[in-house]
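Peer 1: Spelled out from the first residue to the last, the chains are:
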Amino acid sequence: DAGVIQSPRHEVTEMGQEVTLRCKPISGHNSLFWYRQTMMRGLELLIYFNNNVPIDDSGMPEDRFSAKMPNASFSTLKIQPSEPRDSAVYFCASRPEGSEAFFGQGTRLTVV
Amino acid sequence: AQSVTQLGSHVSVSEGALVLLRCNYSSSVPPYLFWYVQYPNQGLQLLLKYTSAATLVKGINGFEAEFKKSETSFHLTKPSAHMSDAAEYFCAVRANNAGNMLTFGGGTRLMVKP
Chain A
1 DAGVIQSPRH
11 EVTEMGQEVT
21 LRCKPISGHN
31 SLFWYRQTMM
41 RGLELLIYFN
51 NNVPIDDSGM
61 PEDRFSAKMP
71 NASFSTLKIQ
81 PSEPRDSAVY
91 FCASRPEGSE
101 AFFGQGTRLT
111 VV
Chain B
1001 AQSVTQLGSH
1011 VSVSEGALVL
1021 LRCNYSSSVP
1031 PYLFWYVQYP
1041 NQGLQLLLKY
1051 TSAATLVKGI
1061 NGFEAEFKKS
1071 ETSFHLTKPS
1081 AHMSDAAEYF
1091 CAVRANNAGN
1101 MLTFGGGTRL
1111 MVKP
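Those protein sequences? They're chains A and B, same order as listed. Using our numbering, the first residue of the first sequence is number 1, and each one after it goes up by one. Using our numbering, the first residue of the second sequence is number 1001, and each one after it goes up by one.
Treat each hint with caution, since some may be false.
Which chain B residues stay away from chain A? Per the calculated CB distances, all over 12 Å, these [as the list claims (entries may be wrong)]:
1) L1007
2) V1013
3) S1014
Quick list of in silico lysine to aspartate or glutamate cross-link-like pairs, DMTMM-like style, CA-CA up to 20 Å [to be verified]:
4) K1049(B) / E100(A)
5) K1049(B) / E97(A)
6) K1049(B) / D1085(B)
I should point out that these hints are in silico values taken from the structure, not numbers from a laboratory. The model shown is predicted, which means the values in this text are computed figures rather than measured ones. Beta carbons: idealized from backbone N, C-alpha and C, even for Gly.
Hey, can you work out the whole structure from these sequences and the hints?
Peer 2: In structure tokens:
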């Protein structure tokens, strides 16, 4: 298996633009997580899905952030409109029932 | 509720010296505990995990960690540091009551001097 696949690896966008981050979890994993990593706040859980259903989105910073999981093999994290303070590395992770999480390589987002 | 505290955001050791990265946790139910390593520009990789079996857990790359309930600790050690161990290390906790949420500590950056 290729592991958790995230795209793009790097994204530079202007403030106010819409940004969409994509994630393909490992096949057969029933849980999917979106994390944000910054120097100031470390790793923060934004939202997680179980069997494609959002379970806890209390970590989503504000209404500008939204996440979807239309099927078991794809998830998106959207920021609209983006702001400079959204600059961070965004990680997607997936895990099968009863096992540990596997992380993607992350998307480095820079909002200028 | 659960939380993780990693003492020391930066640790520096000489090559060949003992590595000790500290992790203390708080959990209202028996926890599962994890150590992840992050190399520059990479995602997190699992080093080892404790899931209520043996209290001394051996992981990859010569690392091990010991679960001490009385001290609520899960410190990571390696007898002899190698230059390739330089990375950021994250301790994480997950409640073992079938919850999915993994809570991470703030991370410790390990530097290895030649």
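Peer 1: Each hint should be assessed against the structure and marked as holding or not.
Peer 2: Checked hints:
1. Every Cβ of chain A is farther than 12 Å from the Cβ of L1007(B); the closest lies at roughly 14 Å, confirming the non-interface assignment.
2. A cut-off of 12 Å between C-beta atoms confirms that V1013(B) is not in contact with chain A; the least separation is 22 Å.
3. Under the 12 Å C-beta cut-off, the non-interface status given to S1014(B) relative to chain A holds; the minimum distance is some 26 Å.
4. With a C-alpha separation of about 8 Å, the suggested pairing of K1049(B) with E100(A) holds against the 20 Å cut-off.
5. For a cut-off of 20 Å, the pair hint linking K1049(B) to E97(A) stands: about 15 Å separates their Cα positions.
6. Between the alpha carbons of K1049(B) and D1085(B) the distance comes to roughly 18 Å, so the proposed pair stays at or under 20 Å and holds.
The earlier numbered hints are all upheld by this structure, with none contradicted.
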